[in-house]
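Colleague: Chain by chain, the residues:
Protein chains: 2
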Amino acid sequence: MEKIAALRCVECGKAFREDEAMYTCPSCGTRPDGGWGILDVEYDYERQARLFHKDHLQRAERNIWRYLPILPLADNAKLPSLQIGWTPIMEFPELARRWGIANLYLKDDGRLPTGSFKDRASAVGTAKAVELGFDTICCASTGNAASSLAGFSANLGLRSYIFVPAHAPEGKVAQLRIFKSNVLLVEGTYDEAYYLCQEAAEAFGWYNRNCAINPYLIEGKKTAGLEAAEQMAGKIPDWVSVAVGDGCTIAGIWKGFVEMKRFGIIDKLPRLLGVQAEGAQPIFEAFHAGDETVRPRRPETLADSIAVGQPRNQTKALRAIRESGGAMVAVSDEEILSAMYELAQKTGVFGEPAGVTGIAGLLRAITDETVKSTETVLHIVSGNGLKDVRSAQRACPDARRINVSLDDVRAIVAADGPRPA
Amino acid sequence: MEKIAALRCVECGKAFREDEAMYTCPSCGTRPDGGWGILDVEYDYERQARLFHKDHLQRAERNIWRYLPILPLADNAKLPSLQIGWTPIMEFPELARRWGIANLYLKDDGRLPTGSFKDRASAVGTAKAVELGFDTICCASTGNAASSLAGFSANLGLRSYIFVPAHAPEGKVAQLRIFKSNVLLVEGTYDEAYYLCQEAAEAFGWYNRNCAINPYLIEGKKTAGLEAAEQMAGKIPDWVSVAVGDGCTIAGIWKGFVEMKRFGIIDKLPRLLGVQAEGAQPIFEAFHAGDETVRPRRPETLADSIAVGQPRNQTKALRAIRESGGAMVAVSDEEILSAMYELAQKTGVFGEPAGVTGIAGLLRAITDETVKSTETVLHIVSGNGLKDVRSAQRACPDARRINVSLDDVRAIVAADGPRPA
Chain A
345 MEKIAALRCV
355 ECGKAFREDE
365 AMYTCPSCGT
375 RPDGGWGILD
385 VEYDYERQAR
395 LFHKDHLQRA
405 ERNIWRYLPI
415 LPLADNAKLP
425 SLQIGWTPIM
435 EFPELARRWG
445 IANLYLKDDG
455 RLPTGSFKDR
465 ASAVGTAKAV
475 ELGFDTICCA
485 STGNAASSLA
495 GFSANLGLRS
505 YIFVPAHAPE
515 GKVAQLRIFK
525 SNVLLVEGTY
535 DEAYYLCQEA
545 AEAFGWYNRN
555 CAINPYLIEG
565 KKTAGLEAAE
575 QMAGKIPDWV
585 SVAVGDGCTI
595 AGIWKGFVEM
605 KRFGIIDKLP
615 RLLGVQAEGA
625 QPIFEAFHAG
635 DETVRPRRPE
645 TLADSIAVGQ
655 PRNQTKALRA
665 IRESGGAMVA
675 VSDEEILSAM
685 YELAQKTGVF
695 GEPAGVTGIA
705 GLLRAITDET
715 VKSTETVLHI
725 VSGNGLKDVR
735 SAQRACPDAR
745 RINVSLDDVR
755 AIVAADGPRP
765 A
Chain B
345 MEKIAALRCV
355 ECGKAFREDE
365 AMYTCPSCGT
375 RPDGGWGILD
385 VEYDYERQAR
395 LFHKDHLQRA
405 ERNIWRYLPI
415 LPLADNAKLP
425 SLQIGWTPIM
435 EFPELARRWG
445 IANLYLKDDG
455 RLPTGSFKDR
465 ASAVGTAKAV
475 ELGFDTICCA
485 STGNAASSLA
495 GFSANLGLRS
505 YIFVPAHAPE
515 GKVAQLRIFK
525 SNVLLVEGTY
535 DEAYYLCQEA
545 AEAFGWYNRN
555 CAINPYLIEG
565 KKTAGLEAAE
575 QMAGKIPDWV
585 SVAVGDGCTI
595 AGIWKGFVEM
605 KRFGIIDKLP
615 RLLGVQAEGA
625 QPIFEAFHAG
635 DETVRPRRPE
645 TLADSIAVGQ
655 PRNQTKALRA
665 IRESGGAMVA
675 VSDEEILSAM
685 YELAQKTGVF
695 GEPAGVTGIA
705 GLLRAITDET
715 VKSTETVLHI
725 VSGNGLKDVR
735 SAQRACPDAR
745 RINVSLDDVR
755 AIVAADGPRP
765 A
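Chains as they are written, first to last, in my numbering: chain A, 345 to 765; chain B, 345 to 765.
It should be emphasised that the hints constitute simulated quantities derived from the structure, not laboratory data.
Honestly, I wouldn't trust all of these hints.
Here are the computed lysine to any residue pairs in the SDA-like style, where the Cα-Cα straight-line distance is at most 25 angstroms [stated by the list, open to error]:
(1) B:Lys524 to A:Met434
(2) B:Lys690 to B:Gly653
(3) A:Lys398 to B:Glu405
(4) B:Lys524 to A:Ser682
Here are some chain A residues pointing at chain B (derived, C-beta under 10 angstroms) [claimed, not checked]:
(5) Leu456
(6) Leu646
(7) Gly729
(8) Asp752
Even glycine gets a Cβ: it sits at the ideal position worked out from N, Cα and C.
One chain only, chain A, in its complex shape (with noise of 0.2 angstroms):
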């Protein structure tokens, strides 16, 4: 494809050609113990710069394709028809006020196609197994990416299969089910799961869409920067709040600021906040630490979707937050509840526990003035609450039982006492 200039290493720096890597580099493979050698899709910018710019994108329609010309696509791929992209970012100026910051956006990723951010990887990901000439594909996931993999390829008549963690959320399931994907509950972690996706791909020939080594999911979560970046030029926001598992996501909404930079549609880059579990914060310590390798541990939180102990893209994720100047928080599981309960009842959005940790960071970072009480911030929400209603109800009080009687509705709303101001 002559858009793409070169897939490059990010551990040893080789470029290769596409036909020369299917996933990870040749030279450095992949070490369990760390160190992997991701790929990185390089462009022919300013082969692309032709096609890329503003007139393009003033008459190109509002979904992912309008950045065709900087993905790993050919110009005349087969698309899925699901509409996928360009989510609202609003704005939310009291919130901001109350919590001692200049102004707060949230995009929501939880209206994508099937309530995820996962949906953008998926969708570059399954138009590519297509495009390769796959007729199966597959994934090991806590649940997102499975589920919006399983939706994209409903979508474009592939077959799916999908190595789920038994312990999953129900919703998060039933979501692979109803799309007729093959789910196969694997009775072990997210990280067995993932290895034995991984061999089964290698045995029956199938397209694997694992973020953590393919390297064209990530140019699907870039679209997520690209987004933003246009949605808020002229006022791109000091700090962008990301929860950060993988690396993945954080890496590739940090890519897509970059690109729009570089093509003159933005002219300043927002820091990252980075925001993980604290019982799965390898990539924040590493950050503190200075290192450039993560040690892994086993995950613990409730936030499955961050739940990642063994971070593969930790090298683009680490570069990515430093080259922004930016900052890492780790929160507890109580304070993404809490995040979760503050956002939904101030602003009418609903985030799954990931898709709010971010906001949970913010509120660290605001405390131990990271962020500054003259900054805005950008949170793009990952995930849509209805995916995990379990943790959801842990998040709030408990509703209330009444009769069909007057009386009883009369004494809840004295003791609720009048509306506070």
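Based on the hints, put chain B in the right spot on chain A.
Modeller: Structure of chain B alone, referenced to chain A:
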């Protein structure tokens, strides 16, 4: 408000000023045995045509407030900051061919802020409550109207009391709680919760959001018709299929199409295919008997959003379907679940039971040749499947459990056989 010409009673035809009637017709009142003095908002269309035209639409933002000139809110009303409306319409020609029709379009209202069509009504209802000076709003709902009211109340800082039958799906109730609504689980039927809510609104001076009696809510619902008309101008479908419970939704959608024709944005109207669940089909029965009012009955269907035994907007609904030259069908719960699975696995769009009831009805209408092979159909998916995961679990086969073993995978792949064409 100068743009509103009258509130006209659908029963007696009398016209009222806005300050003469808050909810239903002062002459007819409300009669629990069937006929209801529901009011319809009539605009000064001649006056508004000076503001509402193609140029205005060209410039206006892609949300429901582009229709403010024909919505019952002041031009300077305080509007919610949650992005609402302009949900995508997607085309599925291959599935249409398989089903034997000319084309199938889906408008996915599961992408709205709280995941259902009802957000359109709640956005207008909450803004109206603020405009009228209320600080508390209430409703009785089987679920979606409630969760959407809770979300928009949270967004606008209104207090909300919500009366829900105690058997409502837990995903929907969790949504209410997360938005910090005052949820009252009423140990009774939907109808009992409805009357209790009405009593409480009167007793405590709350604004009543119930679509049944509040004339402004349907104006929010009509935005789905306005949008669909605008999005499909030049290729208006032959049919629009809509699930029918209370009747307010189908009547609202129809009003939207009719207004767009009046303003010259479209030149053709679709026919309405109204679809009820067999266990709650009073409007279906009245339609086929040629009656103008329905016989109430106790509703029994898993599609909780349309489980209405005594539809208050029967008159508007029956008129709309008849005016359109439309048809009505009723479908079993099994057909609804089967449509849910079929649609999700072929398109990637996952709707809740009521959200795909129109698809089950369409399949019936194709079989009995009500919808012809040369015709095109738009279906509005009115609620996100994640709202009712239990029904999805009933609709499709279980996921399979395996050990961390490639042999386990191999056995399953062999059993699945080659990928069907």
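Colleague: All the hints need checking, so say for each whether the structure fits it.
Modeller: Now the hints, each set against the structure:
no.: 1; hint: B:Lys524 to A:Met434; verdict: holds, 20 angstroms
no.: 2; hint: B:Lys690 to B:Gly653; verdict: violated, 32 angstroms
no.: 3; hint: A:Lys398 to B:Glu405; verdict: holds, 19 angstroms
no.: 4; hint: B:Lys524 to A:Ser682; verdict: holds, 12 angstroms
no.: 5; hint: Leu456; verdict: holds, 8 angstroms
no.: 6; hint: Leu646; verdict: violated, 15 angstroms
no.: 7; hint: Gly729; verdict: holds, 6 angstroms
no.: 8; hint: Asp752; verdict: holds, 8 angstroms
The structure shown violates the earlier hints numbered 2, 6.
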